[in-house]
Amino acid sequence: MIRDDLLGSLPVHTALPALERALDGHGCAVLCAPPGTGKTTLVPLALAGLLGGDGPVRRVVVAEPRRIAARAAARRMAWLLGERAGERVGFTVRGERAVGRATVVEVVTTGVLLQRLQRDPELAGVDAVILDECHERHLDADTVAAFLLDVRAALRPGLRLVAASATTDAAGWARLLGDAPVVTARDVSHPVEVVWAPPGSPVRPPHGMRVDPALLTHVASVVRRALAERDGDLLCFLPGVGEIGRVAGQLGELGAEVLQVHGRAPAAVQDAVLAGSPDSSGSPARRRIVLATAVAESSLTVPGVRIVVDAGLAREPRTDHARGLSALTTVRVSQAGAAQRAGRAGREAPGTVYRCWSEAEDTRLTRFPSPEIKVADLTAFALQAACWGDPSAAGLALLDPPPAGALAAARSVLSAIGAVDGAGRPTGRGVRMSRLGLHPRLARALLDGAAEVGARRAAEVVALLSEEPPREYGDDLAAAWRTARRGGDGYAARWRQEVRRLTSAAGGEGPGPAPGTRRDSGAATEPAHGSGAGTVSRSGAGPGSGPGSGTGPGSGTGPGAGSGMVSGAGSGPVSGAGSGTGSGPGVGSDDVAAGLVTALAFPERVARARGEGAFLMASGTGAELGQGSGLRSAEWLAVAVADRPAHSASARVRLAAVIDEDTAGIAAGHLRVAGEEVRWEDGDVVARRVERLGAVELAVRPLKRPDPGLVRTALLDGLARHGLGLLRWTRDAHGLRERLAFLHRELGEPWPDVSDAALLSRTEEWLEPELSRARRRSDLERIDAGQALRRVLPWATGDAARLDELAPERIEVPSGSRIRVEYGGPQPVLAVKLQELFGLGETPAVAGVPVLVHLLSPAGRPAAVTADLASFWRDGYRAVRAELRGRYPRHPWPEDPSAAVATRRTNNRR
Numbered sequence: 059m060i061r062d063d064l065l066g067s068l069p070v071h072t073a074l075p076a077l078e079r080a081l082d083g084h085g086c087a088v089l090c091a092p093p094g095t096g097k098t099t100l101v102p103l104a105l106a107g108l109l110g111g112d113g114p115v116r117r118v119v120v121a122e123p124r125r126i127a128a129r130a131a132a133r134r135m136a137w138l139l140g141e142r143a144g145e146r147v148g149f150t151v152r153g154e155r156a157v158g159r160a161t162v163v164e165v166v167t168t169g170v171l172l173q174r175l176q177r178d179p180e181l182a183g184v185d186a187v188i189l190d191e192c193h194e195r196h197l198d199a200d201t202v203a204a205f206l207l208d209v210r211a212a213l214r215p216g217l218r219l220v221a222a223s224a225t226t227d228a229a230g231w232a233r234l235l236g237d238a239p240v241v242t243a244r245d246v247s248h249p250v251e252v253v254w255a256p257p258g259s260p261v262r263p264p265h266g267m268r269v270d271p272a273l274l275t276h277v278a279s280v281v282r283r284a285l286a287e288r289d290g291d292l293l294c295f296l297p298g299v300g301e302i303g304r305v306a307g308q309l310g311e312l313g314a315e316v317l318q319v320h321g322r323a324p325a326a327v328q329d330a331v332l333a334g335s336p337d338s339s340g341s342p343a344r345r346r347i348v349l350a351t352a353v354a355e356s357s358l359t360v361p362g363v364r365i366v367v368d369a370g371l372a373r374e375p376r377t378d379h380a381r382g383l384s385a386l387t388t389v390r391v392s393q394a395g396a397a398q399r400a401g402r403a404g405r406e407a408p409g410t411v412y413r414c415w416s417e418a419e420d421t422r423l424t425r426f427p428s429p430e431i432k433v434a435d436l437t438a439f440a441l442q443a444a445c446w447g448d449p450s451a452a453g454l455a456l457l458d459p460p461p462a463g464a465l466a467a468a469r470s471v472l473s474a475i476g477a478v479d480g481a482g483r484p485t486g487r488g489v490r491m492s493r494l495g496l497h498p499r500l501a502r503a504l505l506d507g508a509a510e511v512g513a514r515r516a517a518e519v520v521a522l523l524s525e526e527p528p529r530e531y532g533d534d535l536a537a538a539w540r541t542a543r544r545g546g547d548g549y550a551a552r553w554r555q556e557v558r559r560l561t562s563a564a565g566g567e568g569p570g571p572a573p574g575t576r577r578d579s580g581a582a583t584e585p586a587h588g589s590g591a592g593t594v595s596r597s598g599a600g601p602g603s604g605p606g607s608g609t610g611p612g613s614g615t616g617p618g619a620g621s622g623m624v625s626g627a628g629s630g631p632v633s634g635a636g637s638g639t640g641s642g643p644g645v646g647s648d649d650v651a652a653g654l655v656t657a658l659a660f661p662e663r664v665a666r667a668r669g670e671g672a673f674l675m676a677s678g679t680g681a682e683l684g685q686g687s688g689l690r691s692a693e694w695l696a697v698a699v700a701d702r703p704a705h706s707a708s709a710r711v712r713l714a715a716v717i718d719e720d721t722a723g724i725a726a727g728h729l730r731v732a733g734e735e736v737r738w739e740d741g742d743v744v745a746r747r748v749e750r751l752g753a754v755e756l757a758v759r760p761l762k763r764p765d766p767g768l769v770r771t772a773l774l775d776g777l778a779r780h781g782l783g784l785l786r787w788t789r790d791a792h793g794l795r796e797r798l799a800f801l802h803r804e805l806g807e808p809w810p811d812v813s814d815a816a817l818l819s820r821t822e823e824w825l826e827p828e829l830s831r832a833r834r835r836s837d838l839e840r841i842d843a844g845q846a847l848r849r850v851l852p853w854a855t856g857d858a859a860r861l862d863e864l865a866p867e868r869i870e871v872p873s874g875s876r877i878r879v880e881y882g883g884p885q886p887v888l889a890v891k892l893q894e895l896f897g898l899g900e901t902p903a904v905a906g907v908p909v910l911v912h913l914l915s916p917a918g919r920p921a922a923v924t925a926d927l928a929s930f931w932r933d934g935y936r937a938v939r940a941e942l943r944g945r946y947p948r949h950p951w952p953e954d955p956s957a958a959v960a961t962r963r964t965n966n967r968r
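Every letter in the sequence shown is one number past the one before it in my numbering, and letter 130, counting from 1, is 188.
Take these hints with a grain of salt, some might be off.
[Claimed, not checked] Listed next, with one range per pair, are the computed distances between beta-carbon atoms:
{"id": "1", "residue 1": "237", "residue 2": "279", "range": "46 to 54 angstroms"}
{"id": "2", "residue 1": "732", "residue 2": "887", "range": "51 to 59 angstroms"}
{"id": "3", "residue 1": "459", "residue 2": "707", "range": "29 to 37 angstroms"}
{"id": "4", "residue 1": "425", "residue 2": "459", "range": "18 to 26 angstroms"}
{"id": "5", "residue 1": "834", "residue 2": "857", "range": "31 to 39 angstroms"}
{"id": "6", "residue 1": "732", "residue 2": "835", "range": "22 to 30 angstroms"}
{"id": "7", "residue 1": "827", "residue 2": "265", "range": "54 to 62 angstroms"}
Quick caveat, the hints were computed from the structure, so don't treat them as lab data.
Quick caveat: nothing in here was measured; it's all calculated off a predicted structure.
Note that the Cβ used here is the ideal one computed from N, Cα and C, for glycine as well.
With these hints in hand, go ahead and build the complete structure from the sequences.
Structure, rendered in structure tokens:
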């Protein structure tokens, strides 16, 4: 029986006529409906025509970002119709499907919808698609929207499309949907009081996955305070599973029921939270504390919740393309996210949100979360775009374009694993990989690993890689595999379900469904509805050549998300693994199988030990194991999960498998290179023949006859690092360089720039052929720099002949001496004994620039400095004469030096 009383009370009911008019007139609409108004449950039923009336029954697909939301929405709608999920309302998520012949409203995850679009671009039989919670800007949701707009433009102009959220960028989505109308439902949610509850003392900001324990202790204290001050159940938002566990450990003495909700929680636990307790009156005996990640931001109402405690943190994917590492990172929640969280407290009655930050900090929060397309690994997205027929993604209608560098890195990975050809079009292998519902790296590991170790074992390892095991399983992948096999926890149950799906997808014989489970549990790879005969008008793949959903771990944030650049990988199965590797066991060993499959997924992360728990990955990134790790004695590892702590040059290994050199070579054979390496190292030329696996050296031998061109390049590198001081610079050579620098500064062209940078850029002009004959540093030290430098003089213009005229090396003074001019300073300097300048009335000049005269005593010590000799003879000489003639009586000290005869001798010798 339809619960008309409840359906009619949902506030979004008043917006339905406007929404119908918008869709009738435009075909697309943006629906802004505050939390609690019923947009997720009432709108699909209304559009499908299931609420009565004379309108036609339409088939509606609702796309949710998370499995928990998809299941809950379908069950809530079915309950409102007086039915069970699987009748007129059903759902399809990864690993579970409840859909029947009568189903007209189907709730799916965005990843499942992506896969369905690739198999059947027309979405035959579907009349409308609702993209729920589009404000979260997940990559799958953005991609689904772009594909659907393509379908509307090329195949199904009558397909209705609704973008719905409570806090979305309505203007942006309206533009994307072709200036679609924006329909706003009135907000009749109950008031939510905001209580600012910042920590009493400063806490360290989050970095990487780390959250200051002091903040978690503060959050636990705020939970206790809120329970004491307010009635009702409490929902606390924390960034991740680890933080939930730590806060839960500090709440054990409260006597309340503490529930933990996150993506890894068993479906039964998630459903129980949304179902509420039998008594939702809020009495102390029945009070619940729900500790949740962002999965609870946009799910249905959590019954009984009147209080929200928000830690103010969220997790977003980040990709380090330079190191080939992807991981989640902890960030401040956005204003939109904080509003969604606060709204959970006012869904059923007035509520309160305790925000664990200050009101001043709140104004500095970003408006919306970072679009995943801007920060995540794009390998899965690139395969989806290629299979859709747009390898560059340039023709896709996206709110934000993919970053060019990240997309290029993704396409390099796809090319390396044989998923796309040189033009970026999907290969047959790529199409098969795209249908596995895995990140392309893991798809490669499953397909190639199945050929080597069998489909079942390859599937078991890939299932471990697709969702990182709990930390308590340890960092040894093979040991974690054994733990999962015998485990009875929620992770092990999900792992076994995924193993069944992947074993079947890889073409192997799985164990079949567990007792009591449905035969269609592998729902993420179900065939699409309809014939799939339609085609999108683009170059490239046609129907059925689409990527997998990419929604599971490994699609951009988990262990499968690495984006290190790899190149040249073969597209067929790995060869040579069947005979065993090195001195270890053959591929019949689980340990070897774990290592091989992991290395196939992440070939650039095979790593060789370099002592004290430190490793070097083939990508060139250092990696370190924890102090207590049992892997520290391994010579080689295949790193499955690693992150890089803030301010650390090395990655931290979270999960890895032991391998040997042969296995590393098999999996990462495309990274193996051998050749001559000649470079400047430790102050000299080093020439050797090196065999490498990426950045890891395998074998090194000295090179007796290195290539002269490589030697020359190494020598130039040495000169660039250490400067031209590696050459032999005599005093005359230094003097010539200073004279040329002076002329370049004062006269400019054609006199050359002789700085280090300028000379190093013109070595062909002045340092050949000496450089071509050099083989090592000692040869550089024998090159006469002065003789070589003369080659840069302006011989072609004839100005070189004027060098001694414009910048003479020496100047003849009245005594007959030829005195060296120093050009190294800002002004040429002539240092000469005072008596040798008697009779000289004007200061000498070079290139029109007066020299700075350093007048010396008879002993050669500075007595005076002047740039105006006439003024010095007139005004300064008397003081110098009075000071020096008593000290040097044998030298002439005439009264009038301008009229005296210059001399180099003493009076006695005259």
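Evaluation of the provided hints:
no.	hint	in the structure
1	237 x 279: 46 to 54 angstroms	holds (50 angstroms)
2	732 x 887: 51 to 59 angstroms	holds (58 angstroms)
3	459 x 707: 29 to 37 angstroms	holds (32 angstroms)
4	425 x 459: 18 to 26 angstroms	holds (19 angstroms)
5	834 x 857: 31 to 39 angstroms	holds (37 angstroms)
6	732 x 835: 22 to 30 angstroms	holds (27 angstroms)
7	827 x 265: 54 to 62 angstroms	holds (55 angstroms)
Of the hints listed earlier, there is not a single one the structure fails to meet.
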